[in-house]
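J.: Residue strings, one per chain:
2 protein chains.
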Amino acid sequence: MKISCQKDQLHHAVQTVQKAIATKTPLPILTGIYLNAQGGKLELQATDYEVGISCTIDSNVEEAGTVVMSGRFFQEVVRRLPGDTIHIASSQEDRTIQITCGSSQFNLLSLPAEEFPVLKPISSDNTLTVKDDLLRELIKKTVFACAADEARPIFTGGLLEVEGPEIRMVATNTHRLALRQQPLLSAASNVKMIIPAKILHELARLLVAEDPQEVTLAWQKNQVGIQYDDVYINSRLIEGQFPDYRKVIPPSYSTAVTIQAEDFLDAVERVSLLARDGEYNVVKFNFKQDHVLISSNNPDVGKACETVASRMDGNELEIAFNAKYITDILKNIAADELVFSLNTSLSPASIKPVNDENYTYIITPVRTG
Amino acid sequence: MKISCQKDQLHHAVQTVQKAIATKTPLPILTGIYLNAQGGKLELQATDYEVGISCTIDSNVEEAGTVVMSGRFFQEVVRRLPGDTIHIASSQEDRTIQITCGSSQFNLLSLPAEEFPVLKPISSDNTLTVKDDLLRELIKKTVFACAADEARPIFTGGLLEVEGPEIRMVATNTHRLALRQQPLLSAASNVKMIIPAKILHELARLLVAEDPQEVTLAWQKNQVGIQYDDVYINSRLIEGQFPDYRKVIPPSYSTAVTIQAEDFLDAVERVSLLARDGEYNVVKFNFKQDHVLISSNNPDVGKACETVASRMDGNELEIAFNAKYITDILKNIAADELVFSLNTSLSPASIKPVNDENYTYIITPVRTG
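Chains A and B, in that order, give the protein sequences.
Numbered according to my numbering, the first sequence spans residues -3 to 365.
Numbered according to my numbering, the second sequence spans residues -3 to 365.
A few of these clues could be false.
Remember, identical chains collapse to one label, so a pair may be satisfied in a single copy or spanning two.
[Claimed, not checked] 30 Å max Cα-Cα, derived DSSO-like pairs, lysine-lysine:
1) Lys320 to Lys15
2) Lys3 to Lys327
3) Lys243 to Lys3
4) Lys299 to Lys320
5) Lys15 to Lys299
6) Lys3 to Lys299
7) Lys37 to Lys299
8) Lys280 to Lys3
9) Lys327 to Lys37
10) Lys299 to Lys194
11) Lys299 to Lys(-2)
12) Lys20 to Lys127
13) Lys3 to Lys320
14) Lys280 to Lys243
15) Lys15 to Lys136
Simulated from the structure, these hints should not be mistaken for lab results.
Please model the complete structure; the sequences and the hints are all you need to start from.
T.: Next up, the structure:
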């Protein structure tokens, strides 16, 4: 292999695939980045078997070929190289890959390219095409609600669902649930798949192109392939039955409280300072006619109490929540005002942006003594 | 105690003393911040017995008194409080301290103030007064050369020395040595003291006032007191005999190489990428008439090589150093050009800014196979 390419583009490609480089693995080949040069293109790939990412850039290919080298070192070298044009050449002789740029020359040892599990794009008729900003919005508004705990794998992913003219994503750890839905502009066939949160985070990080673009998902059995621009991502899907989220959403509420979102977030964050060490991070909310009293009590440290103005339609109520479940949604709500809807101190409540029926967040209260 | 004060000022005071709050200690009182209100002033103190810091701010004192509360929580609460004026009041009744600001109210449990080891300012005739920017410069140009390893305590501090009309600071870990000196504008008596690197780092962090100010050091036995503006720091000194740094500095060099400092730093950092895992971080420097060849070789990963333009006065030479010892000085040299002075491949070398006789950095080469 002998090629040259723009440093910025190569850096972009390395940044794109780097999250798929395996760090802890008994298979050294998975710690590598695979380079495949042919026909004016250079393709980079990395995979840890759970997720595989490929990114293709323009390249001046003097001699086609494939090589694999340490992902960690290739990444660091490319990031720091001076100059604009990078030259990469492999030498069969000493099994090294020469990377030159300006006055710098690196010779990285190559890994056996024939051992690299090259990504096989999924060929399937089951496809869905959506706008990148729509997909990013679905992910960012829900993925934080996934469980971190691997004990119940089904909750470590987000459910992507197309049903009739709507697309939605749902995530839950059984104590709280986030649902974001959006009408689809063009018809699509119904689908349900659970994508690992790790891949969703990665997708949200990658889908930041300046120009709007389309993302195509193709799936087959327990695999999904995601294609946009010069990037292809292959991920396993989480198998199993996602719980029926409709049953979790209360059909109606007896009380609705409207609050400034930013003031509320600041106040809950302050009060939760003294709840932090306590079990479940418990913060109490005392909803009054024209204000909410937010309080915490940590026997080892002290007490905190805040008042935030609000407008109530319904009945006064005292209820306790895990503070983190409240601040998580407030950081993602992107609205000036929110509606906190409640029934009783022991039943699930909802937080929504004012006038937005497409975003639903349900939290289960904490029973206090 | 009952007082009010400006939030910004209280935040500044908490930030100033916070590094002295003990984190791992069998004595809970040392995890606290001590507040002493009287005569229009509020003094904050924290100490871990090795270092004690006090900061005094203006305050509206309605009722004088002293309290101690959890440093960690007080710090977090003050940082996040809304509004401009903070009210603090202690209640004997339930042993809590009430902190109110805007719509927020915190009640932190108090610690027994009578147990707090209140700082005793050092009263001594042994004093030295210097400008803050001079002291900061002495510290920043040398402290990075201290040993991190506590095995030989003498090398974990910087030597502050006044001798005749000069003040200097020296730090070494026995493999490299940094010396910064400066003429003193006013006469001072001779002194030698070894201040722990931890305190020096803290001082450099704190000495950033916009207006120039004077810092007064007073010492007695193994203690030094440092006073400036509204801050007082009390620290132990490191006991023992600092090695004679003059013996470490070669009297002359056979070769002098002039190099652009920034280019050299970038090149050494890149080449050291492939030395990182190797023993001692070894990077080789091959000084030629008009350039330096910088190279590394890591048998597990590969090789790197860079060329940087230079001007030589003397003889060509190949020599190896721990890359970190080179990049450390290059990051602190604050000069466009440096002079690398050498004798042989096995003798200590020096790096200095061009035309600055007040800054000396000596490094011992690594013997390579």
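J.: Now tell me if each hint is right for this structure.
T.: Consistency of the hints with the structure:
1. Lys320 to Lys15: both (27 Å within a copy, 28 Å between copies)
2. Lys3 to Lys327: between (36 Å within a copy, 25 Å between copies)
3. Lys243 to Lys3: neither (52 Å within a copy, 48 Å between copies)
4. Lys299 to Lys320: For Lys299 and Lys320, only the intra-copy Cα distance (18 Å) is at most 30 Å; the inter-copy one is 48 Å.
5. Lys15 to Lys299: Between. Shortest inter-copy distance 25 Å satisfies the 30 Å Cα cut-off; intra-copy 42 Å does not.
6. Lys3 to Lys299: Cα proximity of Lys3 and Lys299: across copies only (20 Å, versus 55 Å in one copy).
7. Lys37 to Lys299: Close across copies (27 Å), not inside one copy (62 Å); limit 30 Å.
8. Lys280 to Lys3: Answer is between; shortest inter-copy Cα gap is 27 Å, intra-copy 54 Å.
9. Lys327 to Lys37: neither (41 Å within a copy, 39 Å between copies)
10. Lys299 to Lys194: Answer is neither: 37 Å inside a copy and 34 Å across each miss the 30 Å cutoff.
11. Lys299 to Lys(-2): Result: close only across copies, 19 Å inter versus 67 Å intra.
12. Lys20 to Lys127: neither (34 Å within a copy, 52 Å between copies)
13. Lys3 to Lys320: Between. Shortest inter-copy distance 27 Å satisfies the 30 Å Cα cut-off; intra-copy 42 Å does not.
14. Lys280 to Lys243: within (26 Å within a copy, 68 Å between copies)
15. Lys15 to Lys136: within (18 Å within a copy, 37 Å between copies)
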